[in-house]
Structures are given as C-alpha cells and as structure tokens.
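In our numbering, the protein residues as written are 2 to 254.
Simulated from the structure, these hints should not be mistaken for laboratory data.
Hints are not guaranteed to be accurate.
Straight-line alpha carbon distances no greater than 20 Å define the calculated PhoX-like cross-link-like pairs of lysine-lysine that follow [unchecked claim]:
| hint | residue 1 | residue 2 |
| --- | --- | --- |
| 1 | K13 | K246 |
| 2 | K70 | K246 |
| 3 | K246 | K204 |
| 4 | K70 | K13 |
Note that the structure is a prediction, hence the values are computed from the model and not measured.
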Amino acid sequence: MTWSPDQYEKFKDERSRPFFDLLALVRPWAGAKVVDLGCGTGELTRTLHRTVGASETLGIDSSEAMLAKSAAHAGDGVSFARGDIAELGEGTWDVVYSNAALQWLPDHASLLARLASRLAPEGQLAIQVPANHDHVSHTIAAEVAEEPAFQRALGGFVRQPSVLAPEVYAEILHALGFREQIVRLQVYGHVLASRADVVEWVKGTLLTAYQARMPEALYPHYLERYRQRLFEAVDDTRPFFYPFKRILFWAAR
C-alpha cells in the first residue's frame, strides 16, 4: 500500500468522527492494556489511551509514512510499532481497538476469532470498518481497473470487499462467546465542497490499492479515467453530499 498521511488527513475531521463514536462505546478501564490496530499517525491513539484510562497502549501500523508522525504522540505509556495489524503484538489485551483498518484484511470470521483469543478476561473488542463498497465512488474504481488499459498492468487485480453485513458480525460475536455486544450500521453524511473532493477522498484510501500495483507513470491515467467516470455518474452539486456507510461494533467478555 502507498499511504500518504497528508492525503489521508485532507479530511481529518470527517475521518475522525467514527473514531470518537466508537470510542464512546468503550468502557473506561483504569490501568488497562490497550492495542490500537491501524493506528496511523498516532494522534487518536493517545486520545484512546487517555479516555480509557489505560496504563499501556500500543499502536500498530504497517505504514512507515504514517508511523513517522507517531513519535510526537509517544510516551507516558503510549508506544508505536510497525507490524502486521492481524498479529497484535505479544501477550493479551484488555481492549483491542481498531478504527478503519480491518477492512484491508480478509476472512473477518477467522480474524475476529484470532483477536478474541488475545483478549483478557472481561476484555473489550471495539471495531469500525467502512462499508461503502457499494457506493459509486467505490464501484467505479473496480470498473476502471477492469478496463483493458489497466487490467494487464494490474494483473487482473480488483479490490474485493472483505467487510461483512452487520448481522453477520453480530452472529460471529455471539458464537465467540461475548456476553454483550453492540453492532450498528451508521451513515455519515459528509458535506464536501464539490464532487472533486470525492476523488481526493478515495485517493487517500481505496485508490492506494491500485496505485501500489501499477507502474508509477500509469497511475495518473487511471486516476483521470476514474475522475471522468465518477463525474459522469454524479451530479455537480455544490456543496456535494457524500454519504458514507460504516459498521461499528463493540463486544465484552
């Protein structure tokens, strides 16, 4: 993946809203050990640490570019490490937290079982994943990838969603033995300056999967074709209303 913190944080306020909604579901736990999977630049990891009342919080991310900014937020029990967010570091955790990261991993049933196995007794699991894969902003990315000009360069790759339906997450959490759970689908309405901002939004997330898999010189052509197709599909209303679905779930042992 080719992550750009500056591109991702163009919509910092909009992207942080689900983080705080998810955090509101977590019960404070003085002295807890917390792991934040997909911590990004680490600013919100420190907020997580402080709000929970944790004694130790580890932020894990796979992106060197994102973690380069995390040093400013380390200390007083907060630390960061580069690694596979499916591995969780060593030991067990009182709170396993992940905001907008697990959608990049496959097989969520097995993934949640693995995360649950690393929870301490009475531990909490708190996850938020984008669920906007059926919106035109996402489906057009796949359609453009299948056009002959890009299909060969991508080796036939098309980003496939791994996010499940909300009720399926509820079933998985029940089967894993969680005694309490909250699962909800929430639509965030983002009021953007114009439809051009939708392109900037997906450049920071979804399109990185395509950018990383094609020659550098080809990506601007892919991006321009994506922009053309998107503008054909959505009206040029200003401001532009961009509805974005997300699934938030919390569960406790």
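Hints versus structure:
For the hint linking K13 to K246, the alpha-carbon distance of about 17 Å falls within 20 Å, and the restraint holds. Proximity of K70 to K246 is assessed by CA-CA distance (about 28 Å); at most 20 Å being required, the pair is judged violated. Between the alpha carbons of K246 and K204 the distance comes to roughly 18 Å, so the proposed pair stays at or under 20 Å and holds. This hinted pair checks out: K70 and K13 have alpha carbons roughly 15 Å apart, not beyond 20 Å.
The structure is inconsistent with hint 2 alone, although it conforms to all the rest.
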